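What follows is the residue order along each chain.
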Amino acid sequence: MEPGEIHALLGENGAGKSTLMNVLYGLYQPDGGEILVDGKPLRLKGPSDAIRAGIGMVHQHFMLVPVFTVAENIMLGAEQVRGGIVGFLDRRRARREVAEVSARYNLRVDPDAVIEDLPVGIQQRVEIVKALTRDVDLLILDEPTAVLTPQETEELLTVMRSLKAAGKSIVFITHKLGEVKAIADRITVIRRGRTVGTASPEASRDELAALMVGRDVRLTVDKQPATPGRPILEVAGLVVDDDRQVRAVDGVDLTVRAGEVLGVAGVQGNGQTELIEAIMGLRPTLAGTVTLDGEPIHGWSTKKVLRAGVGYVPEDRSVDGLVKEFSVAENLVLDIYDRPPFGRGLALRPEAIAASAKERIEQFDVRTPSADAAVGTLSGGNQQKVIVARELSRPLKLFIAAQPTRGVDVGSIEFIHSRVVRERDVGTAVMVVSSELDEVIGLADRIAVMYRGRIIGIVGPDTPREEIGLLMAGITPDAPAPAPADGAATPGEATGGTAGGATPAPERPGNEDEA
Amino acid sequence: MSNPNPVSGSPDKEPATEAELALTGKADRGATMTSPKQSAPGPRPTLGRLFLDNLWAANTVTVTVLALVLAMLVGAVLIIVSDPDVLATYGYITARPTDALNASWTVVSEAYANLFKGAVFDPEASGFTAALSPISETLTYTAPLVFTGLSVALAFRGGLFNIGAQGQATMGVILAAVAGFALPLPPVVHLVVALIAGAAGGAVWGFVPGILKARTGAHEVINTIMLNYVAVYFLSWIIVQNGVQNPDRADAISRPVDSSAALPRLLGDNLRVHAGILLAVLATWAIAWLLNRSTLGFELRAVGANPDAARTAGISVTKTYVLVMVIAGMLAGLGGSQMVLGSTANALTPLVIAQIGFDGILVALLGRVKPWGVLLAALLFGALQAGGNRMQSYSGISLELVTVLQALIVIFIAAPALVKAIFQLRAARAARLQTSLAKGW
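Line by line, the protein sequences are chains P and E. Numbering of the first sequence is given in the numbering used here, commencing with residue 910 and proceeding in unit increments. Numbering of the second sequence is given in the numbering used here, commencing with residue 956 and proceeding in unit increments.
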């Protein structure tokens, strides 16, 4: 790293980016090798050592106390006290520091705002300010754009540029090629815990992607135009609460027709999860109707919904999709274990389960040592293929896939996408919910954008990315949309991730700190 | 800021070609190579789950045998320390060490020899009855432990800690005894009815915490422990009621169970082993089948391992919880019934079921919460119990030593698993707090 450089660390999920940076920040101890700062080897015993050495880190999930103010959060861990042993917290000084840093780097934040009231993008800025008040020279940003809308991402990139101008070095961890190309001075690609190459930002996306996964990658989904048939799933006026009894889905109407893919886009936490869970009978509906092929299914048990011909790939496979301790074969019948030929009466038929498992493993190219291996030992992509294989191996009317390729390697993504399209082509209604805009655009025939529990727009797949991005931020075309200052195209896969806080709220961007 | 992504892929351009298929294949090979094993922070691991994993990982036959040896070594120390005569020889151990060693060896070897003779085989015994007596005693103690052990193990596999086997067994013994002396029925029918009554008593006592867990989320550990007390005091109360208390006796003992309701003895009247052990083997087989080869067992294991995934797959978690507890209660109730229908006793007393419910927890852990493992563990515990009786009467070593041995064996096996589980849980929590490292998308 050199001073005043933005160094991008690029790699697939699980390539070791975050681990490397956690070592740098002193959270993990290295098993071997050493870290040099200004030519001197460094032993880091914890984050405080790292901060002393001038290394700051902004985590993917913010480390802020939601009920504290900005200034309080910033002083946290480095509290300034006055009054000797009485130890009054010097809030005034913290506020002054915040103001100073904000002014110096053009990072406007209100020191007295309470964190939980702030939108995600601003919270992130608070994290950056916090790092800067510790006088760091090297700032590590771990997947900073995962929780941001395209517009917020734009602002972040602007901030990064001004930091760079001030001579700070930045390590920017991501797996999003667009952002890397937009901002990085140098790119290091990591694969399976090793540096596999460095590249300049002039390298093409395809080159970078190939470096990242070690081969050529297709970034698009091949499909014929859809031939939509009769409506299969009709949702009208659906109202659902989340676990905290907060309205999550607030009057959603949508229709999915046979033979089409409806993509649901949106920043995570805008009610997509609750919408699907309500359809699947996993969450009570408070109002509205859900009909499957003309039959009202709201209020049905999950088992009944599944039996009625709905396939469901849940969003969090390790929590909701698989029983990790179970074998691949058992997971392949997890929701059909009691139906012939797998179960008759009270008895299971292990031979039938094993035979079907063998077939599915072959058909869906699940890489597993054997059908009896515990599913938890497979890679993320193969685990996901097990779920997809299970759900697609019975006749379906409706196929719902939530984040079907999250945390899945590129090879499996292609495979899963092709399976989804194939299912559409045989006349199944398909609903894909994803926070990866690329995925939605690639797969969907129509795109519904969800924002704060409502569908705020349904657009075609040819709609410009920017426009969808604005919708995801809650700005409809008719509303006065504040244009980002530099008006550049938004970097590609801009959104996603679990918004950590209570508020799903991405806010109107662009009015805070135009540089 | 120049245009960041000029080449944003537009979908639906090229039709699917064979090249694509070829690529997919290649892709996956690449995928398996490139994607490392993600230690993704899957579902929040529960303490119970981690404990079970560690128990299975650590608890091999070798480990069990070593734990047994280790427990006996500690037991030997206890025997030496608790014998004043032997201890006295240690007063002059520097002068004549052989005295101390000889005395220690004698007392310990004699004690363990008696333990063995009482539990397995006595080479000095003459005659059929005497030769088989140790085995008969062992099996008599084993049978009820198999049931309570299975009860705890089954619930554990379903994700529930059934601490209430004791209470369920108590309700079982009450109903079985009452059915045994109050109903005038012909021999075989009477036994079956009494067993069913016992099972039903346990089932009710399992159903209550089950339904509370399913409906309100009330933790089954608390509720089963509470119900243990209720059952014990109910037993003390019912024994002295009119119609239950033995009219010829002033102390707390019930009327004796009719001989038509007693479990038949297997090897003649002089040996105590009764048909309960056959029922125990049958129950073990049935539970093994239920767990591994039935749809209900599939649901139960799925709910136990990952209730979220089970629910998403359409399995009713609440129904499963209730069913698990009912079946667990039934098993414990059957175990309790044997305490009056078998040869141990034929009437209710306040201590009629001894500790079989709590021992069942140990048996389940030692048996790695697997049915056949439970059977073997119960056999070991039964043997220790039977041998302990002889050790007490021949070597004058208190029966409590056997309890200590049992506890030590379980501690040596279960404690490392538990400690590991606690540390793993804390590590997992710490990792979640720090960053969600592998939680990529």
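Since the hints were made in silico from the structure, they are not lab data. Incorrect hints may appear among the rest.
A partial selection of chain P residues facing chain E, derived with a Cβ cut-off under 7 Å [said to hold, decoys possible]: (1) V932; (2) D1019; (3) V1023; (4) I1024; (5) E1025; (6) K1212; (7) S1236; (8) D1244; (9) Y1246; (10) P1249; (11) A1256; (12) I1364.
Across the chosen pairs, the derived CB separations fall in these ranges [claimed, not checked]: (13) E:A1173 - P:V1155: 20 to 28 Å; (14) P:V1335 - E:V1236: 39 to 47 Å; (15) P:S1279 - E:V1176: 48 to 56 Å; (16) E:V1016 - P:P1205: 55 to 63 Å; (17) E:V1143 - P:P1205: 39 to 47 Å.
Calculated lysine-lysine pairs in the DSS-like style (CA-CA distance at most 25 Å, straight line) [to be verified]: (18) P:K1212 - P:K1073; (19) E:K1325 - E:K1274; (20) P:K1212 - E:K1325; (21) P:K1213 - P:K1073; (22) E:K1325 - E:K1375; (23) P:K1213 - E:K1325.
The model shown is predicted, which means the values in this text are computed figures rather than measured ones. Ideal placement from N, C-alpha and C gives every residue a C-beta, glycine not left out.
Okay, the hints, checked on the actual structure:
Interface hint at V932 (chain P): violated, since its Cβ lies 11 Å from the closest Cβ of chain E, which is beyond the 7 Å cut-off. Against a cut-off of 7 Å between C-beta atoms, the interface hint on D1019 (chain P) is violated, since the closest Cβ of chain E lies about 26 Å away. Hint status for V1023 (chain P): violated, given a least beta-carbon distance of 22 Å to chain E, over 7 Å. Hint on I1024 (chain P) is violated. Least Cβ distance to chain E is approximately 17 Å, over the 7 Å limit.
Among the interface hints, the one on E1025 (chain P) is violated; its C-beta lies about 18 Å from the nearest C-beta in chain E, farther than the 7 Å criterion. Interface hint status for K1212 (chain P): upheld, as the beta-carbon distance to the closest one in chain E is roughly 3 Å, under 7 Å. The interface hint given for S1236 (chain P) is broken, as the beta carbon of that residue sits about 11 Å from the closest beta carbon of chain E, more than 7 Å. The interface hint given for D1244 (chain P) holds, since its Cβ lies 4 Å from the closest Cβ of chain E, which is under the 7 Å cut-off.
Residue-level restraint check for Y1246 (chain P) holds (minimum Cβ-Cβ distance to chain E is 5 Å; threshold 7 Å). Taken as an interface hint, P1249 (chain P) does not check out: its beta carbon lies about 11 Å from the nearest beta carbon of chain E, beyond 7 Å. At about 6 Å, the closest approach between the beta carbon of A1256 (chain P) and any beta carbon in chain E falls short of 7 Å, and the interface hint on this residue holds. Given hint, I1364 (chain P) at the interface with chain E, is violated; its Cβ is 21 Å from that chain's nearest Cβ, farther than 7 Å.
The hint said 20 to 28 Å for the Cβ distance between A1173 (chain E) and V1155 (chain P), and at roughly 25 Å that hint holds. For V1335 (chain P) and V1236 (chain E), the hinted distance range of 39 to 47 Å is not satisfied, since their beta carbons lie about 52 Å from each other. A beta carbon spacing of about 37 Å between S1279 (chain P) and V1176 (chain E) contradicts the range 48 to 56 Å that was offered as a hint. Between V1016 (chain E) and P1205 (chain P) the beta carbon distance is about 57 Å. The supplied range of 55 to 63 Å therefore holds.
Checking the proposed 39 to 47 Å range against V1143 (chain E) and P1205 (chain P) shows it is violated: the Cβ atoms sit about 54 Å from each other. The hinted pair formed by K1212 (chain P) and K1073 (chain P) fails the criterion: a straight-line CA distance of about 55 Å is larger than 25 Å. A threshold of 25 Å between alpha carbons decides the hint, and for K1325 (chain E) with K1274 (chain E) the separation of about 22 Å falls inside it, so the pair holds. A threshold of 25 Å between alpha carbons decides the hint, and for K1212 (chain P) with K1325 (chain E) the separation of about 29 Å lies outside it, so the pair is violated.
Annotation: proposed proximity of K1213 (chain P) to K1073 (chain P) is violated, straight-line Cα distance about 57 Å (limit 25 Å). For a cut-off of 25 Å, the pair hint linking K1325 (chain E) to K1375 (chain E) stands: about 20 Å separates their Cα positions. Of the pairs offered as hints, the one joining K1213 (chain P) and K1325 (chain E) is violated, with about 32 Å between alpha carbons and a cut-off of 25 Å exceeded.
Violated hints, in rising order: 1, 2, 3, 4, 5, 7, 10, 12, 14, 15, 17, 18, 20, 21 and 23; the structure is consistent with all others.
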